[in-house]
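Number of protein chains: 2
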Amino acid sequence: MAYRETEKMRNRKAEARKRIIECTYECVAGGGFRSAQITRIAACAGVATGTIYRHFESKEDLFAEIFRIATQREVDKVAEALAIEGNAVARLEAALRQFAERALRGPVMAWSLIAEPVDPKVEEERLKFRRAYAELFEQAIKEGIGEDSLPDQNARQSSTCLVGAIAESLVGPLSPAQTGGADQADNNDHDPLVDSIICFCMQGLTGARR
Amino acid sequence: MAYRETEKMRNRKAEARKRIIECTYECVAGGGFRSAQITRIAACAGVATGTIYRHFESKEDLFAEIFRIATQREVDKVAEALAIEGNAVARLEAALRQFAERALRGPVMAWSLIAEPVDPKVEEERLKFRRAYAELFEQAIKEGIGEDSLPDQNARQSSTCLVGAIAESLVGPLSPAQTGGADQADNNDHDPLVDSIICFCMQGLTGARR
Numbered sequence: 001m002a003y004r005e006t007e008k009m010r011n012r013k014a015e016a017r018k019r020i021i022e023c024t025y026e027c028v029a030g031g032g033f034r035s036a037q038i039t040r041i042a043a044c045a046g047v048a049t050g051t052i053y054r055h056f057e058s059k060e061d062l063f064a065e066i067f068r069i070a071t072q073r074e075v076d077k078v079a080e081a082l083a084i085e086g087n088a089v090a091r092l093e094a095a096l097r098q099f100a101e102r103a104l105r106g107p108v109m110a111w112s113l114i115a116e117p118v119d120p121k122v123e124e125e126r127l128k129f130r131r132a133y134a135e136l137f138e139q140a141i142k143e144g145i146g147e148d149s150l151p152d153q154n155a156r157q158s159s160t161c162l163v164g165a166i167a168e169s170l171v172g173p174l175s176p177a178q179t180g181g182a183d184q185a186d187n188n189d190h191d192p193l194v195d196s197i198i199c200f201c202m203q204g205l206t207g208a209r210r
Numbered sequence: 001m002a003y004r005e006t007e008k009m010r011n012r013k014a015e016a017r018k019r020i021i022e023c024t025y026e027c028v029a030g031g032g033f034r035s036a037q038i039t040r041i042a043a044c045a046g047v048a049t050g051t052i053y054r055h056f057e058s059k060e061d062l063f064a065e066i067f068r069i070a071t072q073r074e075v076d077k078v079a080e081a082l083a084i085e086g087n088a089v090a091r092l093e094a095a096l097r098q099f100a101e102r103a104l105r106g107p108v109m110a111w112s113l114i115a116e117p118v119d120p121k122v123e124e125e126r127l128k129f130r131r132a133y134a135e136l137f138e139q140a141i142k143e144g145i146g147e148d149s150l151p152d153q154n155a156r157q158s159s160t161c162l163v164g165a166i167a168e169s170l171v172g173p174l175s176p177a178q179t180g181g182a183d184q185a186d187n188n189d190h191d192p193l194v195d196s197i198i199c200f201c202m203q204g205l206t207g208a209r210r
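The listed protein sequences derive, respectively, from chains Z and Y.
Heads up: the first sequence runs through residues 1 to 210, numbered per UniProt numbering.
Heads up: the second sequence runs through residues 1 to 210, numbered per UniProt numbering.
Only part of the chain Y face toward chain Z is listed, based on derived beta-carbon distances under 10 Å:
hint	residue
1	34
2	117
3	134
4	206
5	207
6	208
7	210
Quick list of in silico lysine to any residue cross-link-like pairs, SDA-like style, CA-CA up to 25 Å:
hint	chain 1	residue 1	chain 2	residue 2
8	Z	121	Z	14
9	Y	142	Z	210
10	Y	142	Z	208
11	Z	59	Y	59
12	Y	59	Y	44
13	Z	128	Y	129
14	Z	128	Z	61
15	Y	121	Z	40
16	Z	128	Y	106
17	Z	13	Z	51
18	Z	128	Y	176
19	Z	121	Y	40
20	Y	121	Z	31
21	Y	59	Z	64
22	Z	121	Z	56
23	Z	121	Y	29
24	Y	121	Z	30
25	Y	121	Z	180
26	Y	121	Z	37
27	Y	59	Y	34
28	Z	142	Z	132
29	Y	18	Y	125
30	Z	142	Y	192
31	Z	128	Y	124
32	Y	77	Y	97
These are calculated hints, taken from the structure and not from any lab test.
In this text, a Cβ means the ideal position worked out from N, Cα and C, and glycines have one as well.
Please model the entire structure based on the sequences and the hints provided.
Written out as structure tokens, the structure is:
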């Protein structure tokens, strides 16, 4: 009986943790980390604010967890795009396009992940994930050099140039000042923007005019 | 008499503020924002910690001021390099090289300015300065398009790609894990690194193989 009680409590705890994470995610996707207040998250998750601190040491730890979950999703999408059929040039272009288009479709969350000023603890996660993207690109660039679809280059340096170029060039278009802080599900005017970013990046990699 | 007293006090206050800024700058240049503790800064400046808070509302405000001073110096250097004789391609290359070489000569401060996880208040300054760099590059790119030394392109997008590519590709080489947290005044092994960053950036701009 004592054992079943414990399991029930454990399940309830896991359930509360899941709801806290879901509600925080929604808050951040709706208005960035800045707008995700603990009282609001607690109300949404139907728990006391104190309960949140039983699951996460601090607001920053909770935010770091949300950052990891949301960014891992994007890293996986880039990895998927890099796994399509074709040479490295085509695969890298697809991955960059995937990254930019997904960001522009969910600009609030993308802005929070890429550029929102956040606590150093969350910023640490950001640096780690930038390395994760760079490593994916680096691998594809090496394959491109090996198969001769890309000229010889320092794959590691080029990969970080790619990450920087695409992230930085999205900062302005994604910023709340530009988007009004709202997601634009059916705004397809992004094509020229995405095209010009991809053009710079692919020229940087290939040295060939597009 | 009362007037002279006031002026003397004002001078002393200005003097203390100057020393606080200088000492904070030194601390940051020596070990990043993280290592710049208020007690250490106060000891170095020869003031009580309370005095620091009479000059700056918070540690974050003091850090934001240091960030502005240090970054403005770098922005000015880039502007200088962009003002040399030559076409836009040559001037942009000189500016990018200037930026990268200066960063690698003072990696601790450069890492703090470019990538150290910092308080959101300081991060806000970082976003502003990234726009300042981008605006300088954008102007030069427009001139390049006008004089036909650069192909037609979205100058604004390309300028942010440049800022992102050069900053991001320096993050790894500048990180304390790489540099051991020390400045390397006479290490000239950076040339291949700088060359590969410049190569990517200039190819991105020109679409011509280098």
